[in-house]
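S.K.: Take a look at the letters that make up each chain.
Number of protein chains: 2
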Amino acid sequence: MPDIVTAAMVVIGDEILSGRTKDKNIGHLADILTAIGIDLKEVRIVPDEEDEIVAAINAVRARHTYVFTTGGIGPTHDDITADSVSKAFGVPCEYDEKAYAMLEAHYQAREMAFTEARKRMARMPRGADHIDNPISLAPGFRIGNVHVMAGVPSIFQAMLDNVVPTLATGTKLISATVQCPFGEGTIGDALGAIQRAHPDTIIGSYPKYLDGKFWTELVVRARSEAALAPAVKAVEEMVAAKAADATTA
Amino acid sequence: MPDIVTAAMVVIGDEILSGRTKDKNIGHLADILTAIGIDLKEVRIVPDEEDEIVAAINAVRARHTYVFTTGGIGPTHDDITADSVSKAFGVPCEYDEKAYAMLEAHYQAREMAFTEARKRMARMPRGADHIDNPISLAPGFRIGNVHVMAGVPSIFQAMLDNVVPTLATGTKLISATVQCPFGEGTIGDALGAIQRAHPDTIIGSYPKYLDGKFWTELVVRARSEAALAPAVKAVEEMVAAKAADATTA
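Each protein sequence line maps, in turn, to chains A and B.
To get the working numbering, take the position in the first sequence, counting from 1, and add 6.
To get the working numbering, take the position in the second sequence, counting from 1, and add 6.
The reader is advised that the hints may include incorrect statements.
[Said to hold, decoys possible] Computed cross-link-like contacts, DSSO-like style, restricted to lysine-lysine with a CA-CA straight-line distance of at most 27 Å:
(1) B:K28 with A:K219
(2) B:K214 with B:K30
(3) A:K178 with B:K28
(4) A:K28 with B:K178
(5) A:K214 with B:K30
(6) B:K214 with B:K28
(7) A:K28 with A:K214
(8) A:K239 with A:K219
(9) B:K104 with A:K214
(10) B:K30 with B:K178
(11) B:K125 with A:K219
(12) B:K28 with A:K28
(13) B:K30 with A:K28
(14) A:K125 with B:K214
(15) A:K248 with A:K219
(16) A:K219 with B:K30
(17) B:K248 with A:K125
(18) A:K30 with B:K30
(19) A:K248 with A:K214
(20) A:K28 with B:K219
(21) B:K28 with A:K30
[Stated by the list, open to error] Anything over 12 Å on all C-beta distances counts as not near chain A; from chain B, calculated:
(22) T71
(23) V169
(24) P171
(25) T175
Derived by calculation from the structure, the hints in this document are not laboratory data.
This one's a predicted model, so the numbers in the text were calculated from it and none came from an experiment.
Glycine included, C-beta positions come from ideal geometry on N, C-alpha and C.
For reference, chain A alone in the conformation it holds in the complex (with noise of 0.2 Å):
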């Protein structure tokens, strides 16, 4: 029996809902988690207001395995992803120890101010562990299934790496791909008799339109070989007819 493992991620960012910054993670966290063997099921982009992250961390961390958020843990009025997902678990937002010592002998060794606005990079939900930040040095967390990330593209990619290797995996979910020179139109009904009789597999069937001309790349996933290839042979079967049945018309 293929092993499940499905994640959540929730997004934290006013930037992203006004448009002013395009989001760059969610496709990064789609594609790592894929090549591991673990199904993302749901994202959130939710606003910088408490109330509203706390929901979607709680909505989301009791239904998955793992839940990974970005954004909102600098140290400026506006990260306030610290505080949420303390009260999303219930305990307190403070200091973690290590994380000031950490941040005060790195700002102290470049003579720099250890300012307020600083020290709150060290704040997390207490009994959180450290998430490594390689690039800037202010961790991110775990507490629970929960990963805290930043939302820098750079600095999440580096944060999700040091997080990869403690996660527990499914059995990798595998997919082929079949181009198909025809629309949908064409081989929808003939695509949902395959899926019918292959039911161990989930095809899809992604609408292409270029220059005035539909295609679509049909995609067979599974989580065997078993199962995947007897369904591309015939989806690609399939696509060869309609290709026959179109010359000779």
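Use these hints to put chain B onto chain A, whose structure you have.
M.R.: For chain B alone, coordinates are given in the frame of chain A:
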């Protein structure tokens, strides 16, 4: 008093969650809504699963003035948005007479079969209005406050252009950006004080990291010039003062 109009977006599709397709519609909708004075307050990305789509639609349509969905309205078996939205509203999903006739005539004129798959694109919740699709004909639809549109970006954008003139809009959030050559830790305390002194504004701090150096974009938003201008001035003066400190240090 400013008039606040809020919106949510539901992105429907396994392909976004698997990472195979990188979403381009969230940023576009966010830009358009911001430009016309509607606040996008949440986005949910859900898989091609009826229960998940129904739950997301019902959660957000009760909370916001408008809901916009993308994806899942094509002709294939994995396009289940029309059924799911119908279920969310508790109405039957059936062939829309006008859409059916339009599509039938379209395929007839092109001597193409009006397959069961193509007929699926005429299905919508009873009582829904069309959203015209100038690119590939098959319409989106609106029911209640929910606007259901295609996932292919060019078609989504064209449909949205048809929807925008029908929307009641609020007082636009205006904004000004101050480029700050310092990282958030340097300006965080002072910026927090400015936010507290200007409660009618939303001051966002967006950390940037490039080539080993941190800098920050500070964005002040408000619903009137009278609220915006003094806060922007305060931010500019604060950044100038930090620059003077840095020069004399």
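S.K.: Would you assess whether V169 of chain B, listed as outside the interface, keeps its beta-carbon beyond 12 Å of every beta-carbon in chain A?
M.R.: holds, 17 Å
S.K.: Are the Cα atoms of K248 of chain A and K219 of chain A separated by 27 Å or less?
M.R.: holds, 17 Å
S.K.: Would the pair K28 of chain B and K219 of chain A pass a check requiring their Cα atoms to be no farther apart than 27 Å?
M.R.: With Cα atoms ~21 Å apart, K28 of chain B and K219 of chain A stay inside 27 Å; holds.
S.K.: For K214 of chain B and K30 of chain B, compute the direct alpha-carbon distance and say whether it is at most 27 Å.
M.R.: holds, 22 Å
S.K.: Hint check: K28 of chain A vs K219 of chain B, CA-CA at most 27 Å. Holds or violated?
M.R.: At roughly 21 Å apart (the allowed maximum being 27 Å), K219 of chain B and K28 of chain A satisfy the hint.
S.K.: For T71 of chain B, which was marked as not at the interface, is the minimum beta-carbon distance to chain A over 12 Å?
M.R.: holds, 15 Å
S.K.: For the pair supplied as a hint, K178 of chain A and K28 of chain B, is the alpha-carbon distance within the 27 Å limit?
M.R.: holds, 20 Å
S.K.: Please verify whether K214 of chain B and K28 of chain B have alpha carbons no more than 27 Å apart.
M.R.: holds, 22 Å
S.K.: Can you confirm whether the C-alpha distance between K28 of chain A and K178 of chain B stays at or below 27 Å?
M.R.: holds, 20 Å
S.K.: Run the C-beta distances from P171 of chain B to all of chain A and say if the shortest one exceeds 12 Å.
M.R.: Given that every Cβ of chain A is farther than 12 Å from that of P171 of chain B, nearest at about 20 Å, it holds.
S.K.: Next pair to validate is K104 of chain B with K214 of chain A; report whether the Cα-Cα distance is within 27 Å.
M.R.: holds, 26 Å
S.K.: If you draw a straight line from the CA of K28 of chain B to the CA of K30 of chain A, is it 27 Å or shorter?
M.R.: holds, 9 Å
Hint compliance for this structure: every hint is met.
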